[in-house]
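**Q** For chain A, the structure is supplied; the task is to place chain B on it using the hints.
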Amino acid sequence: MRVGIGLPSTVPGGAGRPSLEWARRADRGPFSSLGVLDRVVYESLDPLLALAAAAAVTSRVRLVTMVVVGPIRATAVLAKQAASLDALSGGRLVLGLSIGARLDDYDAPQISRRGRGGRLSHQLLELPECWERGRIGPGTTASKGPEVLVGGLSGESFARMARWSDGYVHGGGPPRAFAGAASKARAAWRDHGRPGRPQLWGQGYFALGDQDTVERGAAYLRDYYSFTGPFAEKVAAANLTTPQAIIDFIRGYEDAGCDELVLLPTVAEPDQVDRLAGVLASL
Amino acid sequence: MRIAVIGGGPAGLYFGLLMRKADPSHQVTVYERNAPDATFGWGVVFSEETLGALRDADRVTFDAITDSWARWSAIDVKYGGETIRSRGHVFSGTSRKGLLQILQDRCRDVGVELRFEVDVAPDALPDADLVVAADGVNSAIRRARPSVFGTREHVHGTKYAWFGTDLVFKAFTFIFRENEHGLFQVHAYPFDARTSTFIVECPEEVWQRAGLDLAGEEDSIRYCQQLFAEDLAGHSLLSNRSSWVSFVTLRNESWHDGAVVLVGDAAHTAHFTIGSGTKLAMEDAISLAEWLERYPRELERALTFYELDRQPMVERFQQAALESAAYFENVRRYAGLEPIQFASNLLTRSGRITHLELERRDPPFVAAVDSWFAGRPEGSVAPPPHLVPLRSRGVTLGNRVVRWPTGEDDAKDGKPSASLAIRLLDAARSGAGLVLTELVAVSPEGRITPGTPGLWDDRHAQAWREIVERLHQETDARVALLLGHSGRRGATRPRREGTDRPLREGGWELVSASPIPYTERSQIPKELDEAGLSKVLDDFRRAAERAERVGFDVLEVHVGHGYLPASFLSPLTNVRTDRYGGGPEERLRFPLEVFDAVRAAWGKDRAVGVALTATDWTSQGTLPQEAVATVRTLKERGCDYVHILAGHTVPWDRPEYGRLYLVPHSDRIRNEAGIATLVGGNVTTSDEMNTILAAGRADLCVFDPPPGDPRGGSFVYAPSS
Chain A
1 MRVGIGLPST
11 VPGGAGRPSL
21 EWARRADRGP
31 FSSLGVLDRV
41 VYESLDPLLA
51 LAAAAAVTSR
61 VRLVTMVVVG
71 PIRATAVLAK
81 QAASLDALSG
91 GRLVLGLSIG
101 ARLDDYDAPQ
111 ISRRGRGGRL
121 SHQLLELPEC
131 WERGRIGPGT
141 TASKGPEVLV
151 GGLSGESFAR
161 MARWSDGYVH
171 GGGPPRAFAG
181 AASKARAAWR
191 DHGRPGRPQL
201 WGQGYFALGD
211 QDTVERGAAY
221 LRDYYSFTGP
231 FAEKVAAANL
241 TTPQAIIDFI
251 RGYEDAGCDE
261 LVLLPTVAEP
271 DQVDRLAGVL
281 ASL
Chain B
1001 MRIAVIGGGP
1011 AGLYFGLLMR
1021 KADPSHQVTV
1031 YERNAPDATF
1041 GWGVVFSEET
1051 LGALRDADRV
1061 TFDAITDSWA
1071 RWSAIDVKYG
1081 GETIRSRGHV
1091 FSGTSRKGLL
1101 QILQDRCRDV
1111 GVELRFEVDV
1121 APDALPDADL
1131 VVAADGVNSA
1141 IRRARPSVFG
1151 TREHVHGTKY
1161 AWFGTDLVFK
1171 AFTFIFRENE
1181 HGLFQVHAYP
1191 FDARTSTFIV
1201 ECPEEVWQRA
1211 GLDLAGEEDS
1221 IRYCQQLFAE
1231 DLAGHSLLSN
1241 RSSWVSFVTL
1251 RNESWHDGAV
1261 VLVGDAAHTA
1271 HFTIGSGTKL
1281 AMEDAISLAE
1291 WLERYPRELE
1301 RALTFYELDR
1311 QPMVERFQQA
1321 ALESAAYFEN
1331 VRRYAGLEPI
1341 QFASNLLTRS
1351 GRITHLELER
1361 RDPPFVAAVD
1371 SWFAGRPEGS
1381 VAPPPHLVPL
1391 RSRGVTLGNR
1401 VVRWPTGEDD
1411 AKDGKPSASL
1421 AIRLLDAARS
1431 GAGLVLTELV
1441 AVSPEGRITP
1451 GTPGLWDDRH
1461 AQAWREIVER
1471 LHQETDARVA
1481 LLLGHSGRRG
1491 ATRPRREGTD
1501 RPLREGGWEL
1511 VSASPIPYTE
1521 RSQIPKELDE
1531 AGLSKVLDDF
1541 RRAAERAERV
1551 GFDVLEVHVG
1561 HGYLPASFLS
1571 PLTNVRTDRY
1581 GGGPEERLRF
1591 PLEVFDAVRA
1601 AWGKDRAVGV
1611 ALTATDWTSQ
1621 GTLPQEAVAT
1631 VRTLKERGCD
1641 YVHILAGHTV
1651 PWDRPEYGRL
1661 YLVPHSDRIR
1671 NEAGIATLVG
1681 GNVTTSDEMN
1691 TILAAGRADL
1701 CVFDPPPGDP
1711 RGGSFVYAPS
1721 S
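Heads up: the sequence lines are chains A and B, in that order.
Take 1 as the starting number for the first sequence in this note's numbering and just add one per residue.
Take 1001 as the starting number for the second sequence in this note's numbering and just add one per residue.
Don't read these hints as lab results, they were simulated from the structure.
Careful, some of the hints might be misleading.
As the list claims (entries may be wrong) - Footprint (simulated), chain B over chain A, 3 or more residues, beta carbon under 8 Å:
#, stretch
1, 152-158
2, 170-184
3, 195-202
Unchecked claim - Pair by pair, the computed Cβ-Cβ distance ranges are:
#, chain 1, residue 1, chain 2, residue 2, range
4, A, Ile247, B, Pro1706, 21 to 27 Å
5, B, Arg1002, A, Thr242, 29 to 35 Å
6, A, Arg135, B, Gly1157, 52 to 58 Å
7, A, Leu153, B, Tyr1295, 27 to 33 Å
8, B, Asp1056, A, Ile247, 27 to 33 Å
9, B, Pro1146, A, Glu215, 29 to 35 Å
10, B, Gly1150, A, Thr242, 29 to 35 Å
11, A, Leu153, B, His1154, 16 to 22 Å
12, A, Arg251, B, Thr1685, 18 to 24 Å
13, A, Asp248, B, Val1168, 48 to 54 Å
Said to hold, decoys possible - Derived, one-sided and incomplete: chain B residues facing chain A with beta-carbon distance under 7 Å:
#, residue
14, Leu1308
15, Gly1498
16, Thr1499
17, Pro1655
The C-beta atom is built at its ideal place from N, Cα and C for all residues, glycine as well.
With the rest of the complex left out, here is chain A (with noise of 0.2 Å):
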């Protein structure tokens, strides 16, 4: 299994040239890739214009979006952005895509959230078309775009991902959690004569550090997931803050079958990476 990390870029003093150090220690890193969340409503970076910046100030680590809200982008600028950051990366895009869990970041750009998984469903089916004719420049690294993942927990979600997608990207949880999603990712790819399996992706939130880097953590996934009520407080008391729990975490991921694991940051500082990778370094 191989392990990411991702950039602060919704965290309180990350959202802005901090995700850039950020992105280059991680390259230097174990780390095999940086993920980005997508909020519109939240002091937060937009994700693909993040990773935009990532790609100029790393070379080796893939960029992956976990995810981008697709319905709330119109397919062919979504496409053509891309499409750009595939070029400007080199092919180290991955595109996570899901419809997202809040309401307001529907309501904010005024897309009206009636049969939003429909048209994420359209989007699977628009978005290769965009990149093969060519016409929504430039050219992808493969010519059939960048590799394109579908989160979700719904039976929907999961045949969407299986239909028109390379692989699905959970929303985080413990290890338990996830081996349920990734057998229900199998049987749906198998149940959609898809050749070969799904690439799975997890998630996980961490924070190492003295008691307030750890309540700062705590206090910033309570403020992000505000908005589900009293399961913010489940996150919260998730957040991996050991050397153990992060070890005990990827062990677990692994068990589950999870071929690439990113780990989020709750708090800002740059140091947090060189942390994570001593952490990687005692595996």
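**A** Same frame as chain A, now just chain B:
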């Protein structure tokens, strides 16, 4: 900490005493609406595991409970004039009243204040640092803020009444009795030296036919005593506010709000057929007390960890309870099963006890099941069910395992590729009794992608003959051909790029039941006219004739996944106004003609199956009971088995990919239409196959070993001798 517990049931009392025990500086008050000795219900059941947790949490309570308990290790199934006994299921029962007495006494000993006959209103909660809502399934505190807790309720379709009896059963006993009103079942278990719980359950319509909806308590008792006279052997039923009710499965997304926390039935319920309500409630109390002890000054944190700890556990029980409840709601379906298989099905109903677990608990029982399944005399050494041969017409499969390798769209002009041959050979060498091909097209336009293999040409037949001969020479597997026509899902790109992506060039004109494109990008198919229909029939007939000459052992017609024959079946894709469209019978007409053509062309001594969509996975599609009717018709026409499929009729369906997701459909079709079924859908272990087969939920399984399992064929096999 000042703690107010609302509700003096097992969860509330146990939590109260555990908190006081952990720290005598806590002030704990339990408020109970009723008097100390008022309780309804009879006995409660604990498993060994729960008793272990109770012993660790408070030895005094544990000792008091175990002084008065009833213990048993057998489950009796009384059905069809026989009693089948399975052992090794260790349970303990105790009276609910006795349990409450023990807990009340223990609470007083440790200094919990008990206040009876006090009604606490949700808007006037006692002033406390923590309020524990242990006020049951109808919790007023929870109901006062449903949106905060995210409450969901599911009302079950059966009626039940909780009686007692002075007959002391020797085992947990399931009784099935049928009279002119319908089928009734009893869940009975002893809980002390004199009394047993006796729960009577039946479908709501049976309950109405029996007039029990209008009957009073006395009349209900009389009715049930008469119905179960033989089982009660002169003993009587006892009542204690035993009215007929529907069970409600209750879920809450969140179990706490500020300083208010839900425990036990106030937070969740699980259908009584797995008997776990009190167990879950007392385990909640233990968990909550532990987390509060661990984070005494961080209430929010403690309550969050309590939820994180308990919710997954409770969800697993609720899932098992739902499956158990569904079994009892549909139990009439299994009236055709032999008693031993009936019992095996009953014991494995919830998914918690598998064939393997049953063998661990009761080796002789499983030996009897396996002998029966293998058709050998009792006491013989029998293979596990998945390794038992199956005979259908003149074909004998060595075992019940079916391998169905995914196609890779690598045929050339319909001619199967060398790698396709290797995939089938790998599958056969894994030891499967039957190997099923990917969809093989009856005509060039019936291909899914340009790489779909076909059987419309004698050159194809030659290539297939070589493959089939090699499989027969080198392995014991039988080979099944899956014959189909893609219909409106044709002319697409290889599926490594996804499904249903239309070819940019080199496509062909599509045909379907009606001119409705599959996706908004798909070509609009031509509605098949009479000439087109008869050409398709001809294509199927000729392909079946070739298949027979090739030497395939089994032929399976693809009437699923939205391909051509299936497009006629579903109202979502068939809007024809001729004799092939309209009601279920008209929509079935063309698929039946295809089946008849194939059946006629195919040897009488060889089996024919149909791969059939059991549900469209949308609310507007084919109904499950229509699928059962379709299968009955197919059976009359000489269909030997049904391969259960679901969905894909339309690309916007709502599939469910949970554990063994096709098995409930297989169960229904097999046992309602009385036909052999082949089922896949995430069947990944031998234990799952054994459980499905022994319980009579299917006759064959498509086995998909998990990644890394060498049976998946990902390693190089030594050539067979």
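**Q** Against this structure, judge whether each hint is valid.
**A** Verification of the hints:
1. Counting residues of the stretch 152-158 of chain A whose beta-carbon sits less than 8 Å from any beta-carbon of chain B gives 4, enough to reach three: the coverage restraint holds.
2. With a cut-off of 8 Å between beta carbons, the stretch 170-184 of chain A has 3 residues touching chain B; three or more are needed, and the interface restraint holds.
3. Given as covered by chain B, the stretch 195-202 of chain A passes the check, having 3 residues with a CB less than 8 Å from a CB of that chain where 3 are the minimum.
4. Range check, A/Ile247 to B/Pro1706: Cβ separation about 24 Å, and the 21 to 27 Å hint holds.
5. A hinted range of 29 to 35 Å for the beta carbons of B/Arg1002 and A/Thr242 is consistent with their spacing of about 34 Å.
6. For A/Arg135 paired with B/Gly1157, a C-beta distance near 56 Å keeps the hint of 52 to 58 Å intact.
7. Between A/Leu153 and B/Tyr1295 the CB atoms are about 30 Å apart, so this pair conforms to the stated range of 27 to 33 Å.
8. Between B/Asp1056 and A/Ile247 the C-beta distance comes to about 29 Å, which sits within the given range of 27 to 33 Å.
9. Between B/Pro1146 and A/Glu215 the beta carbons are some 33 Å apart, a value that agrees with the proposed interval 29 to 35 Å.
10. Checking the proposed 29 to 35 Å range against B/Gly1150 and A/Thr242 shows it holds: the Cβ atoms sit about 31 Å from each other.
11. Under the hint 16 to 22 Å, the C-beta atoms of A/Leu153 and B/His1154, about 20 Å apart, fit the expected range.
12. Distance hint check: the CB atoms of A/Arg251 and B/Thr1685 are about 22 Å apart, consistent with the given range 18 to 24 Å.
13. Taken as a hint, the range 48 to 54 Å holds for the pair A/Asp248 and B/Val1168, whose Cβ atoms sit roughly 49 Å apart.
14. The interface hint given for B/Leu1308 holds, since its Cβ lies 6 Å from the closest Cβ of chain A, which is under the 7 Å cut-off.
15. Against a cut-off of 7 Å between C-beta atoms, the interface hint on B/Gly1498 holds, since the closest Cβ of chain A lies about 5 Å away.
16. Given the 7 Å rule on beta carbons, the hint for B/Thr1499 holds: about 5 Å separates it from the nearest Cβ of chain A.
17. For B/Pro1655, the shortest C-beta to C-beta distance to chain A is roughly 4 Å, which falls under 7 Å, so the interface hint holds.
Violated hints for the displayed structure: none, as all numbered hints are satisfied.
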